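Asker: Okay, here's what each chain looks like letter by letter:
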Amino acid sequence: MADAGQPRATHRAEHLPLPLLMLLGWLVPGLGHLLLGRRLRAAVFFVVIAVAFVVGLVLDGELVLPHRGDPLSYLASIATLGNGVLFFVARILGLGQGAVTAPGYEYGNTFLLTAGMMNLLLILDIHDISVGKKDW
Amino acid sequence: MLDHLTLMALDALLIAVFFSFLWKHTRRERWLYFWKVFAALLLGAIALGWLMYPFPRG
Numbered sequence: 000m001a002d003a004g005q006p007r008a009t010h011r012a013e014h015l016p017l018p019l020l021m022l023l024g025w026l027v028p029g030l031g032h033l034l035l036g037r038r039l040r041a042a043v044f045f046v047v048i049a050v051a052f053v054v055g056l057v058l059d060g061e062l063v064l065p066h067r068g069d070p071l072s073y074l075a076s077i078a079t080l081g082n083g084v085l086f087f088v089a090r091i092l093g094l095g096q097g098a099v100t101a102p103g104y105e106y107g108n109t110f111l112l113t114a115g116m117m118n119l120l121l122i123l124d125i126h127d128i129s130v131g132k133k134d135w
Numbered sequence: 000m001l002d003h004l005t006l007m008a009l010d011a012l013l014i015a016v017f018f019s020f021l022w023k024h025t026r027r028e029r030w031l032y033f034w035k036v037f038a039a040l041l042l043g044a045i046a047l048g049w050l051m052y053p054f055p056r057g
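So the sequences go chain by chain: G and P. For the record, in the first sequence the residue sitting at position 22 is 21 according to numbering that gives the first Met the number 0, with numbers rising by one throughout. For the record, in the second sequence the residue sitting at position 34 is 33 according to numbering that gives the first Met the number 0, with numbers rising by one throughout.
Wrong hints could be hidden among the right ones.
[As the list claims (entries may be wrong)] A few chain G residues facing chain P, derived, Cβ under 7 Å: (1) V47; (2) V53; (3) Y104; (4) Y106; (5) M117; (6) G131; (7) K132.
Worth flagging that the hints you see were computed from the coordinates, not collected in a lab. Values in this document were obtained by computation on a predicted structure and should not be read as measured data. Beta carbons are placed, not taken as given, at the ideal position from N, Cα and C, and that holds for glycine.
So that you can see chain G by itself, here it is in the shape it has in the complex (with noise of 0.2 Å):
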């Protein structure tokens, strides 16, 4: 497998520094472990945090932002916004709001805050392999 094997030599991140290669990781959901060189599992995690994204939206879910006097909002504002720039470009188009009638509601607020919970594991895991405790 082209993604497994002995550590490799991080070409293109090792002139970044650790919290700017975590930045880029958030916003770009993948992009952090192709820096790294881990292309198969940048693609990978790539693929399935977009579909997860994009299922929520077709699904009328919810891009939660911090509604006063919510308290469980303020948790989903940053499962939604671990979605990085999948939520920024989403915003924009003005999807994303969310139609509480909708069938699909619930079901598409669990893809979007999945996704986006995935893709901060992700943050963590790119530090990991960064500071050399996981060598793969």
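Once you have looked at the hints, place chain P on chain G.
Answerer: This is chain P only, laid out in the frame that chain G set:
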């Protein structure tokens, strides 16, 4: 509109693929882990649904 089971299976599929590539290294490990997570999510949700069946709504 996709039905509940299909959407649940799709979510389980995406999560299982994600975690198998995040946490496992070799192809064999990834396949094994993928099926474990996928089955746990799908069958676990169905089992939980059955367990909640006796409880009344609302």
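Asker: So, for every hint listed, does it hold in this structure?
Answerer: Now the hints, each set against the structure:
no., hint, verdict
1, V47, "5 Å, holds"
2, V53, "11 Å, violated"
3, Y104, "12 Å, violated"
4, Y106, "5 Å, holds"
5, M117, "5 Å, holds"
6, G131, "16 Å, violated"
7, K132, "13 Å, violated"
The earlier numbered hints that this structure contradicts are 2, 3, 6 and 7.
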